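A.B. asks: Chain by chain, the residues:
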Amino acid sequence: MKKEVKKIKDLSSEEILAHKNFDGLKIGKQSYSSIIAVSSIVVIMAIIIGYFLLKSENNISPETVVESNTNEFSSFETSTIAPEAKDQLTIKNIREDIYWVTKNNTLVIIPKNGLIDKNGKEVLTDVTLEIIEYNDAFDAVLANIPMEYDSNGYTYNFKTGGMFDLKASRNGEELSIKKGEKVVVMMPTNQNDAGFNQYYLNNNAWEFKDTNKLTTLSLTTKKSEEGWQKAIDYEEKPIKLDFNINDFPELSEETVFYPLKNQKEQLKMLNNNEWEDFKIIKEKDSYVLVAISRDKDLKIKIKTSEEIEQLSKEKKTAKQEVEYITYGAIDEFMEEGFNINTNQLNFSPDYSYSAYKRAMVAEKVVNVFSINSFGIWNCDAPQRLPEGALLANMIFIDEETLDTITYKGDYYLSENDKQLLYKYYPNVDFKFNPKSDNLLWFLCLRNKTTTLFYAKEENFVKPNDSVFTMSKLMLNENEINATTVKKVLGL
Amino acid sequence: MIPQKDIVYIQKAKLSFEIIYNEYYEKIFRFVYHRVGDMHQAKDLTSEIFIKVFSSIKKYKPNGSFNGWIYRIASNYLTDFFRKKQVNQYVYLAESHYQLLSDELSIQISVEIETVINNLFETLPEEEVEILRMKFFEGLSFKDMSVILQIKESACKMKFYRLLDKIKGSPEIIAYQKTL
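From first to last, the protein sequence lines stand for chains A and B. Residues in the first sequence are numbered from 1 upward in steps of one, following my numbering. Residues in the second sequence are numbered from 1 upward in steps of one, following my numbering.
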């Protein structure tokens, strides 16, 4: 776009400095000593005044206590919310490579001589490792980490596959990774989408840089899925039926049957209707229960207790196969990729390498970061804003009071079925995909109370309606954490 | 400029931010004013930028240029501001800017050369305008510019000198010089 040039006047230093007002800066919640001191005085004054007011027999007229009646909300500083997963490890003496498994089952591998102090000297004693793990984009947003990525002039939102902030220190002094050494971080995730890449948060610019280095260890095999599916697909509760043993000589009179699980509708009909008679037939070598009524017959696929026993054996075999394949894959990955002798590998007396592998089996994918500096690393797939319904001039209505909510801060759209989160700025048109499982929300402040406003699926039914009726939850101080907020939003 | 060791000291001791505020207020104010063209808006935005700087101070790594870091925050803040407002259709030039450019081109300042400079600026891409602002009008070092623009220092130098050549060799300037 062609720009127009406008002439402005030169400002003298005096003119500029006349606007200087350090004391007038509304600094948020920083713990500066001066602010603490002022706050302390204010609190003490309030207590003293409160004491004297109470002592004077509550002489306060109702007009004295005025609360704002406006429905105006300001932005809430999300970085004050603590992330869910934080972990720390202190090592007195480093005698060999460090293998640290965090409480989120993330494995951090640091070479024995991989840490240096600010003078470039190797550090082998009193090392403290700290990690904050962000499980999803929501955690990242709460921590105020930018979840946008600019590429060739386009802004993308991140779909995160795992993010962490890793630091090392000795006696409070930050340590670095020695040049030429690499630290490996293996982060399990249940997201197995393609297109993830490894990004580093550049602290100077406060934006992510693509490092193009992510390795993915896939733990999902087709065989494992088939095996599990075959084994678990029956109802736990058995049915006892009378049948003629002559029709089914392979069965005994004590035989019980289990309906297959993937017949939800039929099982519902079986339970909710009255039936005149039941009989068992065999179709393609499988047993079928037929429920008979005057109007219709209902067929339900069933399995005998003997068949279930056989299935259990198959399930066990399938599990062993899965474990064998996955264990082998992890061993191979560790040995070939990182030169680790897995035969002697144990993380601690409480946590063996085998236990780690067992835990990994439950995951679909392990994202492996190879990093050369500490800080915030992210494994992401950039996404454009959703296409579909486009709304201008969003109006938020408080569900309880039916007042219009005056809020000019950023707000978020979560597509929960895709684990995606988008940030919207005020005055920017809101777009959403009507086919997604949408959730619009923002945290805001009024009268020092933090409120979470959110609009769930039912608000997204009319794609042209820019009025959103917002549910709300006022949060106590001890409720302002990622766990509570995520629980309310159903994330 | 505040020495590097003092920045670290301020960071660690969490002492008053007034030192940084006093040191950078005028510079950041000018930086903002040259981009929004309005003194009152510049005042508000400068305050907001300092709040951002203070709340982000822990994220500053002492191995980088503090000067560049603080300008980078200001630059990002303004980018966000313009994106939210969806308006940024002007390039603002002050009297002194015309003077500096005329000096660089070895041309006597006049109403005519101001018009030529205006026409020239209207055709320049945003990034080139920004390079000229930073180097000429704000007097930033190439090191600081590299932090703000997130490119290498050498790339900054190269871009700036190529841009000067481009301006000096532009048809508008050449045509104007011929009239003198």
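Derived from the structure by calculation, the hints contain no laboratory data. No experiment lies behind these values; they were computed from the predicted model shown. Careful, some of the hints might be misleading.
Said to hold, decoys possible - As a list, the in silico EDC-like pairs of lysine to aspartate or glutamate whose alpha-carbon atoms are at most 20 Å apart: (1) Lys209(A) <-> Glu153(B); (2) Lys486(A) <-> Asp437(A); (3) Lys20(A) <-> Glu153(B); (4) Lys84(B) <-> Asp410(A); (5) Lys59(B) <-> Asp10(A); (6) Lys84(B) <-> Glu148(A); (7) Lys408(A) <-> Asp80(B); (8) Lys52(B) <-> Glu15(A); (9) Lys408(A) <-> Asp44(B); (10) Lys59(B) <-> Glu148(A); (11) Lys43(B) <-> Asp10(A); (12) Lys20(A) <-> Asp38(B); (13) Lys299(A) <-> Asp285(A); (14) Lys85(B) <-> Glu148(A).
A.B. asks: Give a verdict on every hint.
C.D. replies: Now the hints, each set against the structure:
| no. | hint | verdict |
| --- | --- | --- |
| 1 | Lys209(A) <-> Glu153(B) | holds, 18 Å |
| 2 | Lys486(A) <-> Asp437(A) | holds, 15 Å |
| 3 | Lys20(A) <-> Glu153(B) | violated, 32 Å |
| 4 | Lys84(B) <-> Asp410(A) | holds, 10 Å |
| 5 | Lys59(B) <-> Asp10(A) | violated, 34 Å |
| 6 | Lys84(B) <-> Glu148(A) | holds, 15 Å |
| 7 | Lys408(A) <-> Asp80(B) | holds, 14 Å |
| 8 | Lys52(B) <-> Glu15(A) | violated, 23 Å |
| 9 | Lys408(A) <-> Asp44(B) | holds, 17 Å |
| 10 | Lys59(B) <-> Glu148(A) | holds, 18 Å |
| 11 | Lys43(B) <-> Asp10(A) | holds, 15 Å |
| 12 | Lys20(A) <-> Asp38(B) | holds, 16 Å |
| 13 | Lys299(A) <-> Asp285(A) | holds, 15 Å |
| 14 | Lys85(B) <-> Glu148(A) | holds, 18 Å |
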